[in-house]
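A.B. asks: Take the sequences, apply the hints, and build the full model.
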Amino acid sequence: MSNSAASTRGSLQMTGIFKSFANVPALQDVAFQVNSGEIHALLGANGAGKSTLMKILSGAYSADQGSITIDGQPVVIDSPAAAKRAGIQCVYQEVDTSLIPQLSVAENIVLHRITASGGSPILNWKSLYSEAEDILKRLGFAIDARKQVSELSLAEKQLVLIARVMAEKARFVILDEPTAPLSIEEAERLFTIMQELKAQGIGVIFISHRLPEIFRVCDRITVMRDGKRVSTLPTPETNASEVVHSMLGRAFEEEYPKVFAEIGEPLLTVSHLAAGRHVQDVSLEVCSGEIVAVVGLVGAGKTELSKLLFGAEAAERGTIELNGKRVRARTPQQAIKAGIVLVPEERRKEGILVKESVLHNLSLPMLQKITSLGIISGRSERKHGDGLIGALGIKTASDRQLTGYLSGGNQQKVAIGKWMETNADLYILDEPTKGVDIGAKRDIFKVIGGLAQQGKGILYLTCEFEEALGLADRILVMCDGRIIKSFAYGAASHQDLLYYASAGREELV
Amino acid sequence: MKHQLAQFSYRYGALIFIGLVLIFFSVYNTHFLTYNNITDILRSISIVTFVAIGITISLTVDGFDLSAGSTVSLTTVVSAAMMVWYQMPLIVVIIVPIILGILVGLLNSLLIVKIRIPDLLATLAVMYIISGIHRTYTKGYAIYNNMQFQDGTKAPGTMLDSFLWIGQGRLLGIPFPVILMILAVIGMHLFFKYTRGGRQMIMTGSNEEAARLSGLRVNRIRTLAYVASGIFAAIGGILFAARVGSGQVDAGSSMQMDALAAVFVGYSVFGAGRPNVIGTFFGAVLMGILVNGMTMLNVQYYATDIIKGAVLVLALAVTFVHRARQKV
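Chains as they are written, first to last, in the UniProt record's numbering: chain A, 1 to 509; chain B, 1 to 328.
Simulated from the structure, these hints should not be mistaken for lab results. Treat the hints with caution; some may be incorrect.
Which stretches of chain A does chain B cover? Using the computed rule of at least three CB atoms under 8 Å from a CB of chain B, they are [to be verified]: (1) 328 to 335; (2) 362 to 368.
Derived coverage of chain A by chain B (criterion: at least 3 residues anywhere in the stretch with Cβ under 8 Å from a Cβ of chain B; other residues may be distant) [to be verified]: (3) 256 to 270; (4) 371 to 384.
Glycine included, C-beta positions come from ideal geometry on N, C-alpha and C.
C.D. replies: So this is what it looks like as structure tokens:
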């Protein structure tokens with residue numbers, strides 16, 4: 001692989017790529033190369049620039065500088081269509097944006113025949129279906145070609161997109177965090193398919209945050225950090241801790257500044273809480289000053305649990321007690337009054353108001369306190385807001401800035417900050433680091449540690465096992481709507497958590 | 001530089017445009033920029049402005065109110081009927097239409113907030129119901145002083161002078177409806193800017209789910225917004241009856257669209273990009289100036305709608321081109 005013949009024949013090469021957004025450099029002199037018949041992992045923390053790089057490759061963005069060659073020949077990729085002509089296909093993480101739900105599986109697979117200009121204007125349904133079925137059969141996907149895409153599961157939708165990639169005869173395929181929404185079995189199937197693509201001489205670029213799977217399936221690993229390429233190494237020549245170190249620029253322990261607060265009386269007691277399929281029977285306890293993490297894969301029921309505790313959805317059975325008093329919140333408003341607050345997972349949709357100023361976001365749960373006779377006191381609003389902006393280190397041009405313009409991490413600080421002065425006892429944080437850059441992540445961890453030191457209880461729901469291992473006094477593993485395992489700080493490994501979260505077999509303990 | 005120019009024109013473009021229109025008309029007609037004509041313009045827009053403020057409130061909570069125009073029609077004939085048919089005192093003549101406005105608002109929020117019919121569709125249905133009710137109530141006839149019924153008898157009452165003064169009188173030389181309008185505009189502007197209720201409405205409209213998860217009672221807030229919209233439409237109806245001195249059938253049907261146009265032109269005032277009362281007022285002013293000026297220039301009446309539509313397109317284009325660029 002190291003000779004020059006391999007690097008020009010059957011290879012795609014990006015060299016000297018620069019890209020800035022509004023004068024903020026996103027990519028600086030990045031070089032990246034993938035060979036035919038190779039699975040190449042692209043790794044980096046959020047904001048490292050990997051999606052920007054891939055968007056340039058797939059024609060969604062154009063680079064400010066730099067060149068792309070395929071088989072040594074320069075190619076111009078200035079639109080998604082140009083990328084497809086060059087044989088580059090991308091399966092984005094948000095599968096729904098690329099599929100047309102009202103059409104059948106077959107139509108979605110051979111969509112290029114429907115959208116292409118030229119050729120016969122009349123659709124030949126028979127050949128359309130047979131082509132799609134051929135591809136499905138070749139890939140070994142058991143999906144009915146006539147089924148409507150809207151009826152498919154998330155994993156099946158992803159398979160349809162991969163089938164489409166095959167239909168359009170891709171030479172290089174970008175898979176952007178394809179395993180994030182998949183179950184273990186589904187992910188396994190995807191890896192088999194990736195091996196098959198590789199065997200057919202397709203170059204696969206694989207983006208993932210899950211190190212174990214990267215080490216299993218990838219031939220080489222490229223790590224990016226802060227818009228630059230840090231390293232490209234064959235998988236056998238590196239290891240997980242080295243990769244983490246290059247991703248973060250520092251070691252794991254520095255990443256998670258664990259705070260040991262004094263753990264007091266039980267604060268929250270949940271018994272046999274249940275609602276629907278997602279929360280079947282949950283009992284748990286959070287003490288004051290304690291950070292309890294609930295980990296589980298996507299779909300384990302964490303978000304639903306958080307919504308139940310916050311009164312945003314109705315429980316069918318079970319009881320919630322806070323400070324020994326029964327809480328019967330049927331609306332978030334009542335939960336807040338009782339002392340429970342939630343930082344929801346969908347930050348931009350639920351956590352903050354993107355079209356409103358930072359100041360107005362921060363004062364929203366506090367309006368009662370800063371108004372008299374219905375009139376808002378502008379002075380106390382600013383005092384309160386500016387105080388929080390300073391205390392949390394929210395990076396914003398001014399308190400009048402629209403919150404949507406802040407970076408993900410700073411938006412999250414606003415989403416947490418708005419609760420800071422509400423005298424809540426229990427903070428529920430649902431995936432608080434989703435889409436948050438590495439610097440802001442540490443700030444958020446510090447804020448959470450600070451809350452624990454004030455004697456607040458923290459319920460930290462996450463599918464990032466590393467965070468739970470680094471931060472929590474206790475880790476509860478959730479699977480299929482139940483809490484199935486509990487670990488004290490330092491008692492569990494990443495593998496343990498993954499094992500219980502995915503298999504969920506209590507009896508094997 | 002280019003960016004700053006774009007920002008400036010986005011913020012002040014609408015006001016500059018109004019200024020240019022004023023200059024244009026006053027150059028072409030010396031009577032245009034006289035005190036009488038200006039008060040005329042303001043009086044002509046006062047009723048539409050009330051309806052438009054109501055619609056602004058419903059749009060603020062991210063709703064929509066298509067029933068405001070028919071509420072004007074209903075309350076116009078009801079206030080006239082209170083006097084002409086039932087000889088009620090002034091207070092009743094004013095209170096009953098306002099109660100009707102509240103009821104329409106409650107009906108809208110029942111459909112939208114409780115039953116969860118999309119706002120546009122729910123208020124469309126209510127628009128039909130309300131305008132049907134008001135035509136049934138009047139049997140399609142206008143209500144005027146001592147009107148003759150179909151059986152030959154005459155209605156007992158006449159429109160009260162005190163009532164007519166609301167629409168026709170002057171205070172310190174300023175038409176009373178204009179004073180009411182200015183008070184309403186300032187009052188609602190202050191409401192949205194400085195009160196908790198106003199802020200809660202804006203927040204609810206900005207992102208209902210985030211507002212709910214922040215502890216706002218979004219259903220109550222949205223209900224109040226529709227009720228407020230109904231009340232403002234009812235005031236519009238009262239003013240209309242007082243202005244023309246009778247209860248005209250379908251008085252409000254043209255007002256619905258004129259009010260909507262004013263609200264959407266208002267999006268572009270000061271670059272707000274969202275419903276706002278001051279913008280709505282200037283939107284109504286611009287439309288009033290255009291109609292008045294073109295009438296003076298003897299532009300055919302029907303042709304004024306072409307200009308109104310074009311201005312609306314312009315304002316919307318400014319707002320939405322800007323919005324597309326600044327995707328939050």
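A.B. asks: Look at each hint and say if it fits the structure.
C.D. replies: Right, here's what the structure says about each hint:
1. 328 to 335: Contact hint for the stretch 328 to 335 of chain A vs chain B: holds, 3 residues under 8 Å.
2. 362 to 368: Held - the stretch 362 to 368 of chain A has 4 residues with a Cβ nearer than 8 Å to chain B, which meets the minimum of three.
3. 256 to 270: With 0 residues close enough to chain B, the hint is violated.
4. 371 to 384: The restraint on the stretch 371 to 384 of chain A holds, since 5 of its residues have a Cβ under 8 Å from chain B and three suffice.
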